[in-house]
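Chains X and B, in that order, are what the protein sequence lines are. Take 1 as the starting number for the first sequence in our numbering and just add one per residue. Take 196 as the starting number for the second sequence in our numbering and just add one per residue.
The hints are simulated quantities; they were obtained by calculation from the structure and are not laboratory data. A portion of the hints provided could be inaccurate.
Selected chain B positions facing chain X (Cβ under 8 Å, derived; list incomplete) [as the list claims (entries may be wrong)]:
| no. | residue |
| --- | --- |
| 1 | Ala213 |
| 2 | Ile221 |
| 3 | Asp236 |
| 4 | Glu267 |
| 5 | Ser271 |
| 6 | Arg298 |
Here are some chain B residues the structure puts well away from chain X; computed CB gaps all over 12 Å [stated by the list, open to error]:
| no. | residue |
| --- | --- |
| 7 | Arg206 |
| 8 | Ala217 |
| 9 | Ala242 |
| 10 | Leu246 |
| 11 | Trp254 |
Note that this is a predicted model, so its numbers are computed, not measured. By construction, the Cβ of each residue, glycine as well, lies at the ideal position given by its N, Cα and C atoms.
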Amino acid sequence: MSGSPARPPVEAGALLQLLRRRRVCRRFSDHPVGERELRMVLEAGCWASSASNNRIHRLLLVRDRRRIDLVRAVSPGMLGLPAALVVICTDLDAAARAQVRVDRDTTTWIDVGTMAMNMMVEAEALGLGTCPTTSFSRGGVRAVLELPPPAVPEFILQVGWPAGSEPPAEAGAPGPVGRRLRAFVSAERYGTPLA
Amino acid sequence: MSGTEARLERRAAYRLLAHLLASAEICAVEPGYYGTFRLLDAASRLAGTLLEAGLDDPWLGRLREEIDEKKELLMSDREAYFAFLPEIARRMAERLREDAEGRG
Numbered sequence: 001m002s003g004s005p006a007r008p009p010v011e012a013g014a015l016l017q018l019l020r021r022r023r024v025c026r027r028f029s030d031h032p033v034g035e036r037e038l039r040m041v042l043e044a045g046c047w048a049s050s051a052s053n054n055r056i057h058r059l060l061l062v063r064d065r066r067r068i069d070l071v072r073a074v075s076p077g078m079l080g081l082p083a084a085l086v087v088i089c090t091d092l093d094a095a096a097r098a099q100v101r102v103d104r105d106t107t108t109w110i111d112v113g114t115m116a117m118n119m120m121v122e123a124e125a126l127g128l129g130t131c132p133t134t135s136f137s138r139g140g141v142r143a144v145l146e147l148p149p150p151a152v153p154e155f156i157l158q159v160g161w162p163a164g165s166e167p168p169a170e171a172g173a174p175g176p177v178g179r180r181l182r183a184f185v186s187a188e189r190y191g192t193p194l195a
Numbered sequence: 196m197s198g199t200e201a202r203l204e205r206r207a208a209y210r211l212l213a214h215l216l217a218s219a220e221i222c223a224v225e226p227g228y229y230g231t232f233r234l235l236d237a238a239s240r241l242a243g244t245l246l247e248a249g250l251d252d253p254w255l256g257r258l259r260e261e262i263d264e265k266k267e268l269l270m271s272d273r274e275a276y277f278a279f280l281p282e283i284a285r286r287m288a289e290r291l292r293e294d295a296e297g298r299g
């Protein structure tokens, strides 16, 4: 019998252990999160499953402390002050191109969840803390982040080193900005590619 | 300005107002009991803002710390959380009375 060679196994037990230990982090340290770690978290989000592979969501990375503070002011669900935010946005232009009815199609919400979970698991593997945030004013976040009309903020992931923890001394060089990161991720301003 | 007063800057006031208004918006869709959490959190933020603005009030600082610690009981021990609500309101009222009587 012929077929594709089996893919190398991942440590399933280690992955399960990671999933078991992940908890929401509400208190973050002041340490910045390195470029390498952030790119890995973002890429994990970009590899999430997507209904019909429509990929109508985009990620906006926010590291500017002033902008994070503004988002916090309109996001009662943000109790801490993380080093970075990843805002998952529905891109209405992408949805229109894919003929997705965002007002009726519940799979769009599932896709937000899978992106978020991928990022939280990757962050956990890196020792980072995350907190999912859905309690925010949609209009408020659009206003403070100056999102263009097609970008609808759906979910905010707070990312940072947990309070009381020390980031690893050897951060390592960031990975390259690959095709997925270029296609789906903006930095600071929606539409500005990750450098 | 004495330690019993605080000078609130516009930016700090705006931040609080933004928080309260956003809370009002999301309270319309969140479970009703979450409104109690939003108000507790807003009380903590107001206390923090006043302390940062120069109010010299160690009692208020301790109150804020306690609120920040116990508000998270909502996620872990709901019974203790709901017991905390009347307790903290009563203590604030006692403090208010003492202050009115010049004993604060």
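Taking the hints in turn, this is what the structure says about them:
no., hint, result
1, Ala213, "4 Å, holds"
2, Ile221, "5 Å, holds"
3, Asp236, "6 Å, holds"
4, Glu267, "7 Å, holds"
5, Ser271, "11 Å, violated"
6, Arg298, "34 Å, violated"
7, Arg206, "10 Å, violated"
8, Ala217, "4 Å, violated"
9, Ala242, "15 Å, holds"
10, Leu246, "16 Å, holds"
11, Trp254, "23 Å, holds"
Violated hints, listed in ascending order, are 5, 6, 7, 8; each of the other numbered hints is respected by the structure.
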